[in-house]
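S.K.: From first to last, the protein sequence lines stand for chains B and S.
Heads up: the first sequence begins at 1360 in my numbering, then just goes up one per residue.
Heads up: the second sequence begins at 2 in my numbering, then just goes up one per residue.
Calculated directly from the structure, the hints in this document are not laboratory data.
Glycine included, each C-beta is placed from N, C-alpha and C at the ideal position.
One should not assume that every hint holds.
Negatives, chain S to chain B, calculated, CB over 12 Å [said to hold, decoys possible]:
no.	residue
1	Met-2
2	Ile-8
3	Arg-28
4	Gln-62
5	Pro-71
6	Trp-72
7	Asn-79
8	Tyr-82
9	His-88
10	Tyr-161
11	Asn-166
12	Ala-167
13	Leu-168
14	Arg-176
Subject to a maximum C-alpha distance of 20 Å in a straight line, what follows is the list of computed SDA-like cross-link-like pairs (lysine to any residue) [to be verified]:
no.	chain 1	residue 1	chain 2	residue 2
15	S	Lys-29	B	Asp-1385
16	S	Lys-147	B	Arg-1380
17	S	Lys-169	B	Asn-1369
18	S	Lys-147	B	Arg-1377
19	S	Lys-29	B	Ala-1388
20	S	Lys-147	B	Leu-1426
21	S	Lys-87	S	Asp-44
22	S	Lys-181	B	Val-1374
23	S	Lys-29	B	Trp-1397
24	S	Lys-147	B	Ala-1370
25	S	Lys-181	S	Ser-137
26	S	Lys-159	S	Lys-181
27	S	Lys-29	B	Ser-1389
28	S	Lys-155	S	Ala-139
29	S	Lys-181	B	Asn-1364
30	S	Lys-164	S	Ala-139
31	S	Lys-159	S	Arg-75
32	S	Lys-181	B	Arg-1377
Okay, here's what each chain looks like letter by letter:
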Amino acid sequence: MNWTNRSDENAELDVLLRAYREACPDPDASANFMPGLWRRIEERQRSVFFLGRWARALVTAAAVLSLGMAAYLYIPHGSTSVFSVESYVEALAAGHAQDAPSLPEAVDEL
Amino acid sequence: MLVDFEIIKRAQAGDAPAFNEIVLAYRKRTLGTIARLISRPEDVEDVGQEVFLRLYFSLDQLRTAEVFEPWLYRLTVNAAYDYLRKHRRRMESRMSDLSEQQVVLADAMAGGRVDHEVRQRRQIAEAVDAMLSTVSEADRILLTLKEVEGLSLKELEKIYRVKENALKVRLFRARQRVLKAFGESGKEPSAKGAAKAEI
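Okay, chain S solo, but in the shape it has when bound (with noise of 0.2 Å):
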């Protein structure tokens, strides 16, 4: 716990400066999570600001200090979610669907003013959201969560209220989607490439 289920309690009774506390401490971790699920940058925080909007009108119902964590998570899974499916998307990204932080990005790449580092960040970012692109919503999250926020079954668990077998299965078909998907861009230079460039 980042903090402490009395400040909680303080934010439950409508103390504004103790929710402002638990917001400054989960700001941060959230925005990234979300910016890993939804790989829209320039969305990101009107995502996060919907994450603890929905955190403030249900914090009455929060009982216990041990399930804030995964409440928090699956607060921000549903928001994630939500975006995903209004935002469904595209296979290919065009030029004028690109934020304007992308496009300084992206001609300043063909200047050649961005360092190799950041240029294959880029590539691994956008392969594997090209790759996640083709699963549908739910395997995207479930994946990311575990593959890449590094949360343990256990955990999931107590997000998606499910039964560790459940969700083995769940996360094994999520796999298999997304390897077919890695598999099938192994025709195209993206996934591979970046895998490759990446060991």
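Bound-form chain B, shown alone (with noise of 0.2 Å):
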């Protein structure tokens, strides 16, 4: 009984949707179409043509920036730099340069 049913459906089913292909014929196209797809067209290749400008002025700006930041920091600055050549024992000695004794000092408190 379900069988029959399902292949009633089925065949059903079959015949509603080949009637569907005939209730709904291939339309023509209105006289808009063409131009319409055209401006469209036109429209992309614009955005694309500024978009595409835009990065390549972005690419340029961060190649001119990366430049001169490497060219900032290859050029020596001298005492302003805020890079040290020193070592950290050289430092730490040149800060506390009052705090040793002397060394003759040393040797007379022995």
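Join the two chains, each given in its own frame, into one complex according to the hints.
M.R.: The structure is reproduced here in structure tokens:
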């Protein structure tokens, strides 16, 4: 009974879908179809073009900035440099110069 | 093929008249497929333009003539799928949702000015549309391509780029889901009524 129902429904569905094809024939395009399509193509081309220009400008700016930073870091800036060439021990000794006893005084105390 | 591959090659090289020739050759068929896939006459041209827009910008990727038609179908399917996802279909169409053309048609039908054949076509289209709106967009498109557009499994294989067996399984499941909706519609006069009227 169930199988019969299912096969009936299958057949009815086939008929309905075939009828749907005939009920919805291929429509004709309006006169605006081609102009509208070309307008959309040109809009897309324009946006792609501007996006490309922005991307190129951004890449150029990034490259210039990188070169500038590299040049700034490469050129020595004397004592104002934030980087020190001294070792840690040398820096410590320079910072505590007056705390360290001179060598003759130290010998006298002995 | 409705156009020579030479024309496609010219269009690939940026020849606008050649591209126009391709659009003119495939426009009617593509719009028909879209109309049956989305069931919204007022949006068919918009989706059709989207298909040819995508074609224009991806034409340079085409290498051989024999893949052109499956490829155009693929673009059509993708554009219809995107449209259907964006405009999830409502189960019931309210008067406010109808296009101007549909309102005129509905008014005319109410006044008895539209003949029996037009009314029956409309009834069938609405019944199938309502039935297909109960399944997923993917099922709807696959089933429409196979059962309504009459594409073979070989053609579907090229469009979907999946093996025939996988397609058969997907088709079977899609059909089962539609059959379920169809069976349920038997309680209402819509789809089954339309099918019986057609028989």
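S.K.: Quickly compare the C-alpha distance for Lys-87/S and Asp-44/S to 20 Å and report which way the hint goes.
M.R.: holds, 12 Å
S.K.: Taking the minimum C-beta separation from His-88/S to chain B, is that value above 12 Å?
M.R.: holds, 18 Å
S.K.: Next pair to validate is Lys-147/S with Arg-1380/B; report whether the Cα-Cα distance is within 20 Å.
M.R.: The hint holds at about 11 Å.
S.K.: Would the pair Lys-147/S and Leu-1426/B pass a check requiring their Cα atoms to be no farther apart than 20 Å?
M.R.: This hinted pair is violated, its Cα atoms lying about 60 Å apart.
S.K.: Beyond 12 Å from every chain B Cβ: check whether that's true for Asn-166/S.
M.R.: Asn-166/S is indeed farther than 12 Å from all Cβ atoms of chain B, at 21 Å.
S.K.: Within 20 Å, alpha carbon to alpha carbon, are Lys-169/S and Asn-1369/B?
M.R.: holds, 16 Å
S.K.: Taking 12 Å as the cut and beta carbons as the points, is Tyr-82/S off the interface with chain B?
M.R.: With a cut-off of 12 Å, Tyr-82/S remains clear of chain B, as the shortest Cβ separation is near 18 Å.
S.K.: Say whether it holds or is violated: Ile-8/S keeps its Cβ farther than 12 Å from all Cβ of chain B.
M.R.: holds, 16 Å
S.K.: Please verify whether Lys-147/S and Ala-1370/B have alpha carbons no more than 20 Å apart.
M.R.: holds, 15 Å
S.K.: Does Ser-1389/B lie within 20 Å of Lys-29/S when you go C-alpha to C-alpha?
M.R.: Holds, at roughly 11 Å.
S.K.: Take the C-alpha atoms of Lys-181/S and Ser-137/S, compute the straight-line distance between them, and say whether it is at most 20 Å.
M.R.: Holds: Lys-181/S and Ser-137/S sit about 13 Å apart, inside 20 Å.
S.K.: Taking the minimum C-beta separation from Tyr-161/S to chain B, is that value above 12 Å?
M.R.: holds, 19 Å
Hint compliance for this structure: hints 3, 14, 20, 26 are not met, and every other hint is.
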